[in-house]
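**Student:** On the provided structure of chain A, position chain B as indicated by the hints.
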Amino acid sequence: MILAAVGTSTLVTNLAILVLAGFVGYAVISKVPNTLHTPLMSGTNAIHGIVLLGGIIILISGVSEGWFSDLLLLIAVIFGTINVVGGFLVTDRMLDMFKTKPKAEVEAGTEDNA
Amino acid sequence: MIRASFVTDPNFRNLLYIVAFSLFIYGMSGLTGPKTAVRGNRIAAVGMGIALLATFLVPYHIHNIALVIIGIAIGTAVGVPAARQVKMTAMPQMVAIFNGVGGGAVALIAWVEFRDTNGFEFTPTYIVIFSLLSAIIGSVSFWGSNIAFAKLQELIDGRPRSIGALQTPLNAFLALAAVALAVAITAGANDEILIIGLLVAAAILGNMLVLPIGGADMPVVISLLNAFTGLSAAAAGIALDNTALIVAGMIVGASGTILTQQMALAMNRSIMNIVAGGFGGTTVAAAGTDTTGGTVRATSAADAAIQMAYARQVVVVPGYGMAVSQAQHAVREMAKMLEAKGVEVKYAIHPVAGRMPGHMNVLLAEADVPYEQLKEMDDINGEFSRTDVSLVIGANDVTNPDARTKPDSPIYGMPILNVDESQSVIILKRSMNSGYAGIDNPLFVNPKTSMLFGDAKASVDSITEELKVL
Chain A
14 MILAAVGTST LVTNLAILVL AGFVGYAVIS KVPNTLHTPL MSGTNAIHGI
64 VLLGGIIILI SGVSEGWFSD LLLLIAVIFG TINVVGGFLV TDRMLDMFKT
114 KPKAEVEAGT EDNA
Chain B
-13 MIRASFVTDP NFRNLLYIVA FSLFIYGMSG LTGPKTAVRG NRIAAVGMGI
37 ALLATFLVPY HIHNIALVII GIAIGTAVGV PAARQVKMTA MPQMVAIFNG
87 VGGGAVALIA WVEFRDTNGF EFTPTYIVIF SLLSAIIGSV SFWGSNIAFA
137 KLQELIDGRP RSIGALQTPL NAFLALAAVA LAVAITAGAN DEILIIGLLV
187 AAAILGNMLV LPIGGADMPV VISLLNAFTG LSAAAAGIAL DNTALIVAGM
237 IVGASGTILT QQMALAMNRS IMNIVAGGFG GTTVAAAGTD TTGGTVRATS
287 AADAAIQMAY ARQVVVVPGY GMAVSQAQHA VREMAKMLEA KGVEVKYAIH
337 PVAGRMPGHM NVLLAEADVP YEQLKEMDDI NGEFSRTDVS LVIGANDVTN
387 PDARTKPDSP IYGMPILNVD ESQSVIILKR SMNSGYAGID NPLFVNPKTS
437 MLFGDAKASV DSITEELKVL
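Sequences listed follow chains A and B, in order. Numbering of the first sequence is given in our numbering, commencing with residue 14 and proceeding in unit increments. Numbering of the second sequence is given in our numbering, commencing with residue -13 and proceeding in unit increments.
Pulled out of the complex, with its shape left as it was, chain A reads as follows (with noise of 0.2 Å):
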């Protein structure tokens, strides 16, 4: 029964961590420009990757019986691995040549000038 005491105010708690995280989010996002919407996407692709640590939980605790599981924890540990490597590098990638754009643009303009 003390369990259940501490599990309810882990809930409430957490909730109010949800809710907040939510609001968090939502006012940090809104002020991302349309121009970086692709590498928002992907970055927030890397960011959910981090389903990875429930998979790597329940792997590592051992509390998990039988092959089955062991097999569906294996996959969950291979996708949110995927997101997370895959998210973070592609939008890497996609965010330096938004960020290489002022040296291009001062290149182009002394080729002008001269």
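Please keep in mind that the hints were generated in silico from the structure rather than gathered at the bench. Careful, some of the hints might be misleading.
Said to hold, decoys possible - Take a look, some chain B residues computed to stay more than 12 Å from chain A by CB distance:
| id | residue |
| --- | --- |
| 1 | Leu1 |
| 2 | Arg28 |
| 3 | Arg101 |
| 4 | Ala222 |
| 5 | Thr285 |
What the hints assert, rightly or not - Below 27 Å or equal to it, Euclidean Cα-Cα: the simulated BS3-like pairs (lysine-lysine) are:
| id | chain 1 | residue 1 | chain 2 | residue 2 |
| --- | --- | --- | --- | --- |
| 6 | B | Lys454 | A | Lys44 |
| 7 | B | Lys327 | A | Lys112 |
| 8 | B | Lys327 | B | Lys434 |
| 9 | B | Lys361 | B | Lys322 |
| 10 | A | Lys44 | A | Lys112 |
| 11 | B | Lys361 | A | Lys112 |
| 12 | A | Lys44 | B | Lys327 |
| 13 | B | Lys361 | B | Lys21 |
| 14 | B | Lys434 | B | Lys322 |
| 15 | B | Lys73 | B | Lys21 |
| 16 | A | Lys112 | B | Lys434 |
| 17 | B | Lys73 | A | Lys112 |
| 18 | B | Lys327 | B | Lys454 |
| 19 | B | Lys361 | B | Lys327 |
| 20 | B | Lys434 | B | Lys73 |
| 21 | B | Lys21 | A | Lys112 |
Built from N, CA and C at the ideal position, the CB exists for glycine as well.
**Tutor:** Coordinates of chain B only, in the frame set by chain A:
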């Protein structure tokens, strides 16, 4: 449980999770501009590394470490080359499949939780509810994203496929079936067939939601699936009592929700209307075609080149057609020639141009177009009246003045780029086929307009050649 040291104290782990999600939020806030964005993304990645490390700080013996390492190794082996090699034109597919695997992982984890607890025996009810919620949303997202991927990759026909009037009742039935199974499991039923049935019902629902949606509506669908995956991760976070998952999931959920809203707004359609499907690609009975009345004026690359070379300002309006013919680099070359002649070149980008939010911007950035020249709709619309030539490349519906003036048009009310306000308009188009919405565009017969028919890239290349000899 023995607490070996403060490192394996759950509070320490949770502190690290707080550090991790703070870095996510801080990193994402860097995406407000191109200068801080690269750093922001890397900061978020550091946060992910911290969250990952924290997960291993447990006060008990770590099991199955080999499986974890194998999983991470395989995921890395798949993710790295995919991220390195994917073409920028294929980003919508990439993001779709990434949405999918994220949702799939969540659904699989919920399934395993069911198995390991013998159908959630002795599990607090709220954990059961959130776990099943994550299973439903995750499964919908996985299958819906796979269909979106297959459509974008053209593995299956991109046109809407619907079973007609029965579609909405069927979707409602599938959703109810999934919820009913979830209720049964929450009430104590623990046969594994129930969770499998729940996952399957959600899977069919995912298929049914995306199959009827046409190519032009893809920006909305991808955003919506992005939101689903985020929310499923947040629900999993509550089920697993993991704050990092909750916060990360909600950030993604918020991001997907904002994008979905903005895309729907940019099409002047409700999200429900888009999900009900059928619009993007079907032939809408065009109400009162007045295009037939006018004549289309064709032009040559040489004339187009002269027109633009003597302009003060040229605004390029790219659409999905530019991506299809891979014309972005050719466009940049042409723009450089024009700039060398003292012409100011800007790019007007409609929020739903392309197959995902911001798609055109990425393609043009890849072609080294300066960030400052990429203009959002609201910023550029006031400038068209001061623009000598608007060059429309593979865009159609987003320039259709009917959206402003003709209340019976299917796209009436949709915000458009006001290219018809510029002095003259040159439209690069493959043929006189109508756009995705299947609606006539009176811009084509506007006296200001001339059409340059042919492949967009070939046309732009020949304009550049003509500019060189001018």
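**Student:** Just double-check Thr285 of chain B for me: nearest Cβ-Cβ distance to chain A has to come out over 12 Å.
**Tutor:** Fine: 28 Å to the nearest Cβ keeps Thr285 of chain B off the interface.
**Student:** Was Ala222 of chain B rightly flagged as not at the interface, with every chain A Cβ beyond 12 Å?
**Tutor:** violated, 5 Å
**Student:** Regarding the pair Lys361 of chain B and Lys327 of chain B, is the alpha-carbon distance no greater than 27 Å?
**Tutor:** OK: Lys361 of chain B and Lys327 of chain B at ~21 Å, within 27 Å.
**Student:** Please verify whether Lys361 of chain B and Lys112 of chain A have alpha carbons no more than 27 Å apart.
**Tutor:** Status holds; Cα separation ~16 Å.
**Student:** Does the alpha-carbon distance linking Lys44 of chain A and Lys112 of chain A stay inside the 27 Å limit?
**Tutor:** holds, 18 Å
**Student:** Quick one, are Lys327 of chain B and Lys112 of chain A close enough, alpha carbons at most 27 Å?
**Tutor:** holds, 26 Å
**Student:** Between Lys44 of chain A and Lys327 of chain B, does the CA-CA distance stay at or below 27 Å?
**Tutor:** violated, 36 Å
**Student:** Going by Cβ atoms, does Leu1 of chain B stay more than 12 Å from chain A at every point?
**Tutor:** holds, 14 Å
**Student:** Holds or violated: Lys454 of chain B with Lys44 of chain A, Cα cutoff 27 Å?
**Tutor:** violated, 41 Å
**Student:** Assess, step by step, whether the Cα of Lys21 of chain B is no farther than 27 Å from the Cα of Lys112 of chain A, and give holds or violated.
**Tutor:** holds, 6 Å
**Student:** Would Arg101 of chain B pass as off the interface with chain A, using Cβ distances and a cut of 12 Å?
**Tutor:** The assertion about Arg101 of chain B is violated, with a minimum of 5 Å to chain A.
**Student:** CA of Lys112 of chain A to CA of Lys434 of chain B, is that 27 Å or under?
**Tutor:** violated, 37 Å
Consistency with the previously given hints fails for numbers 2, 3, 4, 6, 12, 16, 20, ordered from lowest to highest.
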